[in-house]
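**Q** What follows is each chain in one-letter form.
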Amino acid sequence: AQSVAQPEDQVNVAEGNPLTVKCTYSVSGNPYLFWYVQYPNRGLQFLLKYITGDNLVKGSYGFEAEFNKSQTSFHLKKPSALVSDSALYFCAVRDDSSASKIIFGSGTRLSIRP
Amino acid sequence: DAGVIQSPRHEVTEMGQEVTLRCKPISGHNSLFWYRQTMMRGLELLIYFNNNVPIDDSGMPEDRFSAKMPNASFSTLKIQPSEPRDSAVYFCASSPRDSYNSPLHFGNGTRLTVT
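Heads up: the sequence lines are chains A and B, in that order.
Heads up: the first sequence at position 74 corresponds to 74 in our numbering, and the numbers run straight through without jumps.
Heads up: the second sequence at position 25 corresponds to 25 in our numbering, and the numbers run straight through without jumps.
Hint data in this document are derived by calculation from the structure and do not stem from the laboratory.
Predicted model, so just to flag it, every value in this text is computed and none were measured.
Do not rely on the hints blindly, as some may be mistaken.
As the list claims (entries may be wrong) - Listed below are several chain B residues computed to face chain A (Cβ distance under 10 Å; list not exhaustive):
hint	residue
1	SER58
2	ASN101
3	HIS105
4	GLY109
Unchecked claim - For each label pair, taking beta carbons as the anchor points, the in silico distance ranges come out as:
hint	chain 1	residue 1	chain 2	residue 2	range
5	B	GLY28	A	ASN55	40 to 46 Å
6	B	ARG64	A	GLU64	40 to 46 Å
7	B	SER87	A	ALA1	27 to 33 Å
8	A	LEU56	B	GLY16	39 to 45 Å
9	B	THR115	A	VAL83	32 to 38 Å
10	B	ASP57	A	VAL83	40 to 46 Å
11	A	ASN17	B	GLY3	28 to 34 Å
For every residue, glycine included, the Cβ atom is placed at its ideal position computed from N, Cα and C.
Based on the sequences and whatever the hints tell you, model everything.
**A** What follows is the structure, given as structure tokens:
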């Protein structure tokens with residue numbers, strides 16, 4: 001069975017500092033991992049994905065994520081946070097079984113203070 | 001590309017009434033998903049369609065919930081009768097195909113309040 005965990009409900013970072021939003025997963029096959037962002041009163045927007053290949057994936061708005069197979073993690077990172085990055089972030093996973101559904105984490109609220 | 005369009009954006013209804021939520025996926029996308037978001041339960045997959053055919057409805061909470069996709073450009077989620085615990089934000093999402101690496105494109109949701 002698939003599962004995904006975001007251990008932090010909230011992450012607070014000062015503007016200009018690096019940020020990390022954590023995600024760990026569990027799948028029975030090969031993982032396909034995604035990050036989405038949700039702004040108030042909006043739907044989720046796709047940020048980036050890992051399918052195969054380079055463990056460091058670059059996405060929209062300067063975000064990147066590092067796939068770590070041994071730690072079953074896919075943490076979202078950004079070298080320098082902006083106030084406008086404040087939002088709700090969701091990690092999602094599915095595996096390569098034919099009946100696989102995409103499963104979302106519980107979300108992490110990122111707050112960037114000026 | 002107008003994106004995934006959901007209507008209405010807000011719906012307030014009384015317990016026992018029928019509620020119909022609507023979704024127009026992105027043209028050319030052949031997979032469609034209905035999700036429900038609440039503070040307590042997060043984002044839950046209710047049902048998804050491939051090529052207008054329901055593939056997995058195991059997330060539909062009760063027989064009060066039903067979903068249809070009569071054609072490639074339209075889907076509905078109906079709740080009859082509605083109950084206060086159905087209050088949530090309902091999202092529709094589409095993707096180009098149900099492959100493992102296709103990201104989902106979400107609409108802006110319908111906020112349902114059942115009093």
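**Q** Now tell me, hint by hint, if it's right for this structure.
**A** Verification of the supplied hints:
no., hint, verdict
1, SER58, "holds (9 Å)"
2, ASN101, "holds (5 Å)"
3, HIS105, "holds (7 Å)"
4, GLY109, "holds (6 Å)"
5, B:GLY28 / A:ASN55: 40 to 46 Å, "violated (32 Å)"
6, B:ARG64 / A:GLU64: 40 to 46 Å, "holds (43 Å)"
7, B:SER87 / A:ALA1: 27 to 33 Å, "holds (29 Å)"
8, A:LEU56 / B:GLY16: 39 to 45 Å, "violated (53 Å)"
9, B:THR115 / A:VAL83: 32 to 38 Å, "holds (37 Å)"
10, B:ASP57 / A:VAL83: 40 to 46 Å, "holds (41 Å)"
11, A:ASN17 / B:GLY3: 28 to 34 Å, "holds (33 Å)"
Violation of the numbered hints given earlier is confined to hints 5, 8; the remaining hints are satisfied by the structure.
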